[in-house]
Amino acid sequence: MRAESPATETPAPFRRTRQDHWLVRGGLTLATLAIVGLLIVVPLVNIFAQALANGVGTYWDSLVGDPDTRHSILLTVTVAPVAVAMNLVFGVAAAWCIARFRFPGRTLLITLIDLPFSVSPVVAGLVFVLLFGAQGYFGPWLREHGYQVIFATPGLVLATAFVTFPFVARELIPVLEAIGPEEEMAARSLGASGWQMFWRVTLPNIKWGVLYGVILCNARAMGEFGAVYVVSGRITGQTDTMPLRVEKLFQEYNSPASFALASLLTLLALVTLFVKVGIERHARPRIEKPEGAHA
Amino acid sequence: MTAVNRRVLPGFSLTLGYSVFYLSVLVLVPLGACFLKAASLSWSDFWATVWTERARAAYLTTFTCSLEAAGVNVALGLIVAWTLVRYDFPLKRLVDALVDLPFALPTAVAGLVYATLYVKNGWLGQFLVPLGIEGAYTRLGIVLVLVFTGFPFVVRTVQPVLEALDAETEEAAQILGASRWQTFRRVILPTLLPALVTGFALAFARAVGEYGSVVFISGNIPFETEIAPVLIVARLEEFSYREATAIAVVLLAVSFVLLAVINLLERWSKRYAG
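First to last, the sequence lines map onto chains A and B. For the first sequence, this note's numbering gives the first residue as 104, with consecutive numbering after it. For the second sequence, this note's numbering gives the first residue as 1134, with consecutive numbering after it.
No lab work stands behind these hints: they were computed from the structure. Hints may be right or wrong, so weigh each one.
[Unchecked claim] Straight-line distance between alpha carbons at most 25 angstroms, and here's what the computed SDA-like set of lysine to any residue pairs gives:
# : chain 1 : residue 1 : chain 2 : residue 2
1 : B       : K1225     : B       : N1254
2 : B       : K1225     : A       : G130
3 : A       : K351      : B       : R1272
[What the hints assert, rightly or not] What follows is a list of derived Cβ distance ranges for each label pair:
# : chain 1 : residue 1 : chain 2 : residue 2 : range
4 : B       : F1145     : A       : V127      : 49 to 59 angstroms
5 : B       : W1180     : A       : A137      : 25 to 35 angstroms
6 : B       : A1230     : A       : L306      : 21 to 31 angstroms
7 : B       : R1189     : A       : P184      : 38 to 48 angstroms
Glycine included, every Cβ here is placed at the ideal spot set by N, Cα and C.
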């Protein structure tokens, strides 16, 4: 860890040899602004421009006036937190055993945690259809007992949880490793029980990492499309989440309403970025970059 | 990190047990079901399903578009990472934060807005379409939106390596008579190579499985702009679960290979970063 705090903001006094010709400097800076501008800023502005094209009244109407859109917002706000909570509990447990202990199969476990990131969302949805769908392995049993998973909320939760599976665990493993077990061992030797140690020592230490993982996980959960597309059956007013509703409105050539709903998701993304940068600035210099930062 | 005595810290078996249980229930068993389903096909049936002309066209579109997008990401990412690490300019923090937007923005929104931008009367399409550059409902559109979704990967893998680079090596090259370009080519670029390759692989892996954004902009025309995930969905909607599963297994196999490659690459780049 460096002594001088935010590493990126105060560039170490560049020696003259590290400075490029002003033409190169200017050219690359302009190129960067053009890349980020065209790739990210123009689409961002376009979303809000399209959403508000017919005035604020229409914008508000298309969000609140349409019961199906309202339902999709409600559904997303229900499904995502459940999936995030599931992955949060797992993330903390996995980070604890991986960061604090050495055991055979540890590397394999780390690799497997990353697995859902490399599975196509469509395939993620498909596997649950194969398990719980009408013709799936557990389908007949579920029907007999009156449960519906596919084309219903539980399926949406499962697919969302699958796709966002690694977020919290991946974030917490390096954080826990960087902090080290000393404080926890001290707490134990002073007589704290396991849970006392967890609530009073471990959790306060990793709270920013937890928050960081949770907001990234939540952003992905609320925005997930491919996996929920497959398991939802896209029943309007029942299993359409916000992103699915965006697509349906777009297919119905109701572009302003589609963009209005999309603008809500965009706001969510912007808030996520804002919180993320805030956490990075205030809480992470202490715990981040345990390796590689020593220049 | 030293290994910790299991008698000192509690919760080892509880957390490991729960992790393995949750991983199995949510990820391993479902993926296993996918392979089990595919295994119910005979080898020749499987082959006949995954190697139809339409499927081959879909793989080809998926892989070429993903490769192109990942390649573009390497070039753009290197420029952006270099500028963010080495130069100062107004709004630098904002630009740095915006780089992560593709990670946070729902893919459906990305697809929606890209499709709208590049149509004939869209903000960018009005200039590009008269020039013969059709961004919406073409292969180019797929590449464009994949460049967007994969954009942060290269920037974020290259940035820390560039920050950690010693000034001394560059200075030494300069003193030994290298031009600035030679220093970049011979000294800096080789150090960045593992990070660039890792970023490329990550962007590529993401692009291969991408669905939400592509489905909006590609038009999904079989043999032309249909990608493999779209084909899976098409098969599912015909209730041809076996066919869908067989193609999914092909995609999964590719994902696993890519995951293994990325793991190796990350180990390789750690040697440079550490």
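We went through each hint and held it up to the structure:
Straight-line distance between C-alpha atoms of K1225(B) and N1254(B) comes to about 32 angstroms, which puts the hinted pair past the 25 angstroms bound. For the hint pairing K1225(B) with G130(A), the CA-to-CA distance comes to about 15 angstroms; that is within 25 angstroms, so the pair holds. Between K351(A) and R1272(B) the CA atoms are separated by roughly 23 angstroms; this keeps the pair inside 25 angstroms, and the hint holds. With their beta carbons about 54 angstroms apart, F1145(B) and V127(A) fall inside the hinted range of 49 to 59 angstroms.
At about 47 angstroms, the CB distance of W1180(B) to A137(A) disagrees with the hint of 25 to 35 angstroms. The hint said 21 to 31 angstroms for the Cβ distance between A1230(B) and L306(A), and at roughly 28 angstroms that hint holds. Taken as a hint, the range 38 to 48 angstroms holds for the pair R1189(B) and P184(A), whose Cβ atoms sit roughly 42 angstroms apart.
Of the numbered hints stated above, those contradicted by the structure are hints 1 and 5, listed in ascending order.
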